[in-house]
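Chemist: Chains as they are written, first to last, in our numbering: chain P, 1 to 226; chain G, 1 to 418.
Some clues are possibly wrong.
Stated by the list, open to error - Here are some chain P residues pointing at chain G (derived, C-beta under 7 angstroms):
1) Glu9
2) Gln11
3) Met12
4) Gln18
5) Tyr19
6) Ala80
7) Arg81
8) Lys101
9) Pro102
10) Leu105
11) Asp181
12) Leu182
13) Ile218
Keep in mind the hints are simulated off the structure, nothing from the lab.
C-beta: ideal position from N, C-alpha, C; glycine also.
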Amino acid sequence: MKLLLIEDEPQMLKAIKQYLLGFDYVCESAGTLPLALEKIALYDYDCIVVDITLPGGSGLTVIRAVKEMKSTAGIIIVTARDSVEDKIAGLELGADDYLTKPFHLSELGARIKALLRRSQFDGQTHYQWETISYQTEAREIRVNNNLLALTGKEYDLLVYLLRNAGKVVTKEAIAEHLWGDLAESADSFDFLYTHIKNIRHKIKIAGGEDYIQTVYRIGYKLTAIT
Amino acid sequence: MKLLTESTRRQALLFLILLAFAVSAIYLILERERTDEADEQLALNSSRIKDFVVKNDSISPAVLSLIQLRLEVANPVDSLRESTYADFSFFDHGGEMEHFHGLTFPLKLRGQWHLATVYQLSVEPEDILGPLAVSIGFTLFLLLLGILFLGRWRERQLWAPFYKTISEIKNYTPGLSTGKVELAKTRIEEFDDLNTAITRMLDTIAADFGRLKAFTENAAHEMRTPLAVLRIELQNLLQLESISERVTEHVRGALFAEKRISTLMETLLLLAKIENQQYKASTPLLVAPILREQLDLYADHFEAKGIVIDVSAEPDAAVVMHPALLELLVGNLFRNVLRHSTKGIVSVTISTSELVVENFGPDPGMPTEQLFERFRKADGTSGGLGLGLSIIKAIADSHQMKVRYSYEAGKHTVSLQF
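Take the sequences, apply the hints, and build the full model.
Modeler: Following this line, the structure appears as structure tokens:
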């Protein structure tokens, strides 16, 4: 799977690449608008992460160019300008998602993965990790083909972890993903703990391994049992 | 009071005083004229009597039929008395009190000094002078009234450019009004000076406003990127296999501070955007669905705190507001409830005219309206930034809604009038 990161801040670029390294993506990058346009003309990408404010022009130009080529690449806008107009303009041009800086890496990871599924199977979203499989339309997760009886929040949480499998996902990132602005509330972490406990239990009943590894005081990590 | 009203009022007052003086003067002059006339007549009569008496030493009835005369026997000393005019009154034959004007003079008749008084019925001033003064006064009054209205009309013409300037300024809102305020040239120098000064002032305001907006946007862009790098780098650090527990602890602390800065910046930017009216909406939005959506989001949290939300919502209550703002408004109200409410029932009422949230909680310990100020917190230890109510107020203000917060005997009430 091929990914193009269009971002003018070298450090940001490096750090995102670093995070995505663990997933089996081929990551390419472009720091300027002309370079980005050149790359999308030359190669086919599955997903493009684009910053709106770029030296030499707007990232919206990239989206327009991608759409003109009838490319199926998923597009995520990453921007420091949190304006409603920008968001609407980007999504109207055909971007699939919109993320405002600063964001959690796991959030970007999850969104990229969600897009890749979408574009690869033309909407048929079926995903497999170890013994776990999930379908986003039906909002179903199976372990060893046994359906897990998950609540809405538990489902969202597990999918988030699955999409960042092998990475440490901080409690803050999960809380923000699940509750948005309420993540700061002290209770959120308690709920998180309860949800994780329930998920572990449900996976175990379904015959799965204890994939969820607790990273002391930081968060959780989905690890394959070897 | 309006300028023209005030000016007319003063002029009218002046005119009334003038009118009073004029009418009094007319009255006095006429009165004097009349008395002089009467005195002359009496003097003439008295000299006729004197002449007659000197010639005949008697008074004939023929004279008495023409002249009203009264004789009193007097001492010889009175012969030295000057002739004096006097007013007096007595009852006439019909028993009616009549007023007379008379001239008393000494008269020697058949060797005996008398005091003779020639008199005539005096015309009461009210009888003639009154109507005369009133008619003159009324004419004057009409004339002054005409001058007054003419003056008002003239002043209105004169001040027209001034009123035009006022209405132009009234319609101007920095950041919202498009284009420059054009104040037309007048023929009056002072008004032109005023308009020039105002135009210059408004231009400065518009420029400052533009700069502030640009600063807000730049600050957002320039700060978000380094913050994003900071967060990503720290998170990458946590991904390292070899990271020790001690380092983890430090990274956690740094991430916590980063999160706080980000939230603070986002919130301040949000406030600036709301105040700059950057969220525009023109269609009414139903309140109830957004309320339920937010309620679902926080359901876990409410349940954990033992809070039961009692919603009574009118299904077609709607406000003209950007969906993101309404979400923010409702979310902030709920977060406040969560943070400050003790166990129990929280009632949320939506009608077509207002949204009311009532919950029980500890005394905020300060006047409730102060809590709308930024960074004001009733409880210093709570994790919030102290911007929640400021956001609610900013949203309300930018939509011309009234927001009220009252606390009474453990009960907090926040209400929003649509």
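Chemist: Are the hints correct? Go through all of them and say.
Modeler: Outcome of the hint check:
no., hint, result
1, Glu9, "holds (5 angstroms)"
2, Gln11, "holds (5 angstroms)"
3, Met12, "holds (5 angstroms)"
4, Gln18, "holds (5 angstroms)"
5, Tyr19, "holds (6 angstroms)"
6, Ala80, "holds (4 angstroms)"
7, Arg81, "holds (6 angstroms)"
8, Lys101, "holds (4 angstroms)"
9, Pro102, "holds (4 angstroms)"
10, Leu105, "holds (5 angstroms)"
11, Asp181, "holds (6 angstroms)"
12, Leu182, "holds (6 angstroms)"
13, Ile218, "holds (6 angstroms)"
Every hint from the earlier list agrees with this structure, and none is contradicted.
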